[in-house]
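Chains A, B, C and D, in that order, are what the protein sequence lines are. One rule links them: number in the working numbering = place in the first sequence (from 1) + 5. One rule links them: number in the working numbering = place in the second sequence (from 1) + 5. One rule links them: number in the working numbering = place in the third sequence (from 1) + 5. One rule links them: number in the working numbering = place in the fourth sequence (from 1) + 5.
None of these hints come from the bench; they were simulated from the model. It is possible that some hints are incorrect.
Said to hold, decoys possible - Cross-link-like lysine-lysine pairs, in silico, PhoX-like; alpha carbons within 25 Å at most: (1) Lys117(B) <-> Lys84(B); (2) Lys187(C) <-> Lys24(C); (3) Lys24(D) <-> Lys187(C); (4) Lys24(C) <-> Lys24(A); (5) Lys187(B) <-> Lys187(A); (6) Lys45(C) <-> Lys24(C); (7) Lys187(A) <-> Lys24(A); (8) Lys84(D) <-> Lys187(D); (9) Lys24(A) <-> Lys45(A); (10) Lys187(B) <-> Lys24(B); (11) Lys24(D) <-> Lys24(B); (12) Lys209(B) <-> Lys187(B).
Protein chains: 4
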Amino acid sequence: MIRVGVYGATGYAGFELVKLLHAHGQVEIGFASSESHTGKRLCEVYPTPLDYPLVAPSEAPLGDVDVAFLCTPHGVSAKLAAAVLGKGVKCIDFSADLRLHDLATYETWYTKHTAPELLPEAVYGLCEVYRERIAGARLIANPGCYTATALLALYPAARAGWLPDGPVIIDAKSGVSGAGVKPTDTTHFCSVHGNLSTYNVGHKHRHVPEIEQELAEYSGHACRIVFTPHLLPVSRGILETIYLTTPPEVTLEALHACYSSQYAGEPFVQLLPLGQGSTLAHVVNTNRCTISLHSAGAPGEFIIVSVLDNLLKGAGGQAVQNMNIMFGLPETMGLE
Amino acid sequence: MIRVGVYGATGYAGFELVKLLHAHGQVEIGFASSESHTGKRLCEVYPTPLDYPLVAPSEAPLGDVDVAFLCTPHGVSAKLAAAVLGKGVKCIDFSADLRLHDLATYETWYTKHTAPELLPEAVYGLCEVYRERIAGARLIANPGCYTATALLALYPAARAGWLPDGPVIIDAKSGVSGAGVKPTDTTHFCSVHGNLSTYNVGHKHRHVPEIEQELAEYSGHACRIVFTPHLLPVSRGILETIYLTTPPEVTLEALHACYSSQYAGEPFVQLLPLGQGSTLAHVVNTNRCTISLHSAGAPGEFIIVSVLDNLLKGAGGQAVQNMNIMFGLPETMGLE
Amino acid sequence: MIRVGVYGATGYAGFELVKLLHAHGQVEIGFASSESHTGKRLCEVYPTPLDYPLVAPSEAPLGDVDVAFLCTPHGVSAKLAAAVLGKGVKCIDFSADLRLHDLATYETWYTKHTAPELLPEAVYGLCEVYRERIAGARLIANPGCYTATALLALYPAARAGWLPDGPVIIDAKSGVSGAGVKPTDTTHFCSVHGNLSTYNVGHKHRHVPEIEQELAEYSGHACRIVFTPHLLPVSRGILETIYLTTPPEVTLEALHACYSSQYAGEPFVQLLPLGQGSTLAHVVNTNRCTISLHSAGAPGEFIIVSVLDNLLKGAGGQAVQNMNIMFGLPETMGLE
Amino acid sequence: MIRVGVYGATGYAGFELVKLLHAHGQVEIGFASSESHTGKRLCEVYPTPLDYPLVAPSEAPLGDVDVAFLCTPHGVSAKLAAAVLGKGVKCIDFSADLRLHDLATYETWYTKHTAPELLPEAVYGLCEVYRERIAGARLIANPGCYTATALLALYPAARAGWLPDGPVIIDAKSGVSGAGVKPTDTTHFCSVHGNLSTYNVGHKHRHVPEIEQELAEYSGHACRIVFTPHLLPVSRGILETIYLTTPPEVTLEALHACYSSQYAGEPFVQLLPLGQGSTLAHVVNTNRCTISLHSAGAPGEFIIVSVLDNLLKGAGGQAVQNMNIMFGLPETMGLE
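Just chain A, with the same shape it has in the complex (with noise of 0.2 Å):
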């Protein structure tokens, strides 16, 4: 048995985690953190049977766990994983704060960091692409949602050459959990329920260069996205509407086999036949991410879509799959 802790298990990437443990079968949850709630359960605060006590984050028994989540915001976490890590705690964290390499873009985006010397060894924990480093590492990075679900949806292309020099278009739509479960005036009921709405457009929103360093990883060159984030009245999952120009060689079906080539025994990644189209309900409550591939009506122009759930596939579940793959276990335990 693993046994694991959770920082920040309150929110909703924090409680989904907490479920998923819970059923894992080789997990033992050995505390889990609240900021906001502590000393109550978790059935107290979510209508769920499970009754964890809620521990202040200070008073966590770290010596007792062989791994640390970490569901903190920005800013929060670094500092927090250093003391994990520290104590000879392996670590993943849900921010921002470990997955920019660059010390000066976290700073220009984000907020003076708080363990610039944690960067180096952080492993960024996309693990479709980075499955070998993430089994050896002792901090991980887990991705931002809007940023797994692009870069899965271009990861193949990416590697294949294809990714143009010329701005990637990304038309990105999330559910309401992705702006976290404090209340606000965007988050009430009646703002969101029968509207449609953007923030952040163009090139504002903080998954833009997480996005534009792991492309140009993948391409070997730089890259840049226009990035449109919208609300949906949905509470999870999202949808990105990708549109990308390649060579004008690159016919559907290339793409299309080179995508199935690449993701060709992925359990969570689901490439669709050509003809169909991903939409949320493939992948809400579950930790799969379904691409599908369309023409947008000229040689080498084409339209990806690409969908997950945010508070699986695009947090809790893929912090699970980066710990299996980090303790030796299969990687789909406690994910089907």
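Once you have looked at the hints, place chains B, C and D on chain A.
Just chains B, C and D, lined up with the frame of chain A:
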């Protein structure tokens, strides 16, 4: 032209009221105040082209208006109503402060009253019942939304002497706007979407004493209700399913004839033919209350389904209807 | 491994059942049949990676399986059950054909019965009540979804002798999947979204005689219910608000103690502590029924709020629970 | 008073139109026809107090009316329009039959044309572009809903000569009423709720040639679009996120000034200030199109977010606006 002022213009009911008043035809809006958005314009707070400036309540030019609408919370309203009347301005209050005739009942269910001297003068603003008194009133207590739905559903039966000694069961379902504009855990999209929940079950909701007061007035004897409010995953609308036991000789046809006669000529009460059922879709975005009558399967046992839009017939529309009566305008003006 | 067959695999309940059986661990799916999608694969009908071929019901290889699930409509099921049993295969039927013990009652509420000779043998498949009989049964009538919600809510009170002579009022709200997969005016998105409506109000819904039959069994005397189903704008889940009058000396604490004792050890019934209320979110996507108890404000007057997922504890999950019992497996296998 | 007839009054657009016409003030409804509900009254088909009788289309008293609205499908409309004009009655058609100037294009995307002789006379009914021609027209082709959203978003840029040679990418999202009133698997509540899906991805939707025709007119050169429609879990409203590349010297401020000048004085186009974003909530239940402009992060790269209510500015409201112009009434009558 009637000049009006609106206190609390950025709550849901206040905003609906401003939209009605703006399009009314015989009304000029002298001021719109907002505690939380002082200094902004309405179009910066809501997605609307209406750009009224939002003044601080304390700086509202009361001297300029003929009537003030108080879309303010209980506790705040009574004191403000006293100030409004003191300037010779008529007043229509949306809060509960002036609805309960009995001071002790108010203070049991709410809080210390801030202007009990106004209670004798306040007229309960349910137009279908108190039309004459409203015409001559300076001060109106606009009914609660759950209350209006229940009272219109039970008024004809009460007048006919058909209310029971035992309890009337009211199973009430409300859209989320009824919970107000302030974001809370309860009104977070992810708490409501795909969900249904109860609150203040049994005899605990603050509209209970208001319903019981009025039913006693209409029937001439004390009435007890059982009241279960539910939070529906819709933005607006209330549906109440009411279980009524009458003397056993009352038939469904007789009940329908009684309601039909009571509400003939009422512009904003729609009695459905037997065999049809009220739905939220009958009333959302209208000032109507729609009522259907059903047999519960045994003599003298009936089910009444009553619906209205909590922000219109349950708040802003009702208030405009009251204003029209108070100022001698056609009662339906600005409401169709 | 138990080999199973599923008739009607492309209805909502059938599809949920196939997903449960696929992930069960001790089950192999021998066939899945579909009248309307014969010849396709399941993944062509639903957004799922499960790719079971869909055979014609008449070509289902009954000889290959140990148990058949009939997710077929009333009228079809009884005849099919006879054929299944005739092959020596056990049978779990989702329709109403075998739920009512009294042939005349069935034919009053439904239609001419197609295999009345099976009625004496069929066991009503509510595990919490009939566990022993289910263990030895060949033929199970899986309960209706509204019925299961009501019966689990009233069973302890009925056994305690606390059901009244007068009617029990059940105000029931169901998600749209309860209306089936066939598109109709009623299930069109635009008819449901933002709306709430009633249907079959009073004593008209076909689950009424089923509830009354079982309550009479549990209480030892005839019971009458008043039943108002509502169509909720959610996909799945049932919430019933039940108004129960007991002898006046029964306190809320005594009622809670009675339920607590009855359901101690039941893996799929969750009794909430006093002060909490059941919500759909407690049960959607689970096999649980969650129950909360509330005072209605006077001695002996109570409100019970009972919730379950109509496709799981109200259909497919209940069926798997029955199968587990019939085959001597742990009752919770594949359901947690 | 203008006397009007409505063919197809029980589709979603037809019903919205009837509501607008009923409340218009200068209109009398001479007839409302329905193929599928002949002989009923409107209040039996929809939850409305409007009780217009629904006549068979063949028995509609055309001689009694000044203008007929055809809320009928393509293929049906053209033939009907010929009959209407033959009686000396003006005609506003909601279908695609008369929108495309080129017969061959129509027959490629749709079907054999039933009245090609009408094409030269038909005026494309986008008021903000063709106001003068509409004033003198007998026959109006009311624009498609996706089309109107796109054209109002691109018209000022097209006139300014800023449309690119390369494709304009239109990522379009529509509420379910756009799919029509007929129940299908696609419009079943359970298919849509909590979901998001695409259809006719790339260059396949029938509004593509209509958009390309008009953009070519406005810009003076051939234009190609990429068009991805999505089905949103809302009842009404369209939001299009449009990716436009202009000459690099065009700044966001210049673009905004261009739009501002084009639409100054337009009662039904709202250009948001820079920094704000269009949402469905801006336009649902109104006849407005709201447009916001955003930088995509590089010179000459812009994102335009355009929204309207598909049943009003995208159908019935636009038609009334056309009627007002045709009959010399104030253009906003009945639409505010």
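The hints, checked one at a time:
Between the alpha carbons of Lys117(B) and Lys84(B) the distance comes to roughly 12 Å, so the proposed pair stays at or under 25 Å and holds. Of the supplied pair hints, the one linking Lys187(C) and Lys24(C) holds, its CA atoms being roughly 20 Å apart against a limit of 25 Å. Annotation: proposed proximity of Lys24(D) to Lys187(C) is violated, straight-line Cα distance about 30 Å (limit 25 Å). The straight-line distance between the Cα atoms of Lys24(C) and Lys24(A) is roughly 19 Å, inside the 25 Å bound, and the hint therefore holds.
At most 25 Å may separate the alpha-carbon atoms for a hinted pair to count; Lys187(B) and Lys187(A) meet this at roughly 13 Å. Restraint check for Lys45(C) and Lys24(C): satisfied, since their Cα atoms lie roughly 17 Å apart, inside the 25 Å limit. The suggested pairing of Lys187(A) with Lys24(A) holds, with an alpha-carbon distance near 20 Å, which does not exceed 25 Å. With a C-alpha separation of about 22 Å, the suggested pairing of Lys84(D) with Lys187(D) holds against the 25 Å cut-off.
The suggested pairing of Lys24(A) with Lys45(A) holds, with an alpha-carbon distance near 17 Å, which does not exceed 25 Å. Taking the CA atoms of Lys187(B) and Lys24(B), the gap is about 20 Å. The hint holds against a cut of 25 Å. Restraint check for Lys24(D) and Lys24(B): the C-alpha separation of about 19 Å stays at or below 25 Å, so the hint holds. Restraint check for Lys209(B) and Lys187(B): the C-alpha separation of about 22 Å stays at or below 25 Å, so the hint holds.
Figure legend: structure checked against the earlier numbered hints; the only hint not met is number 3.
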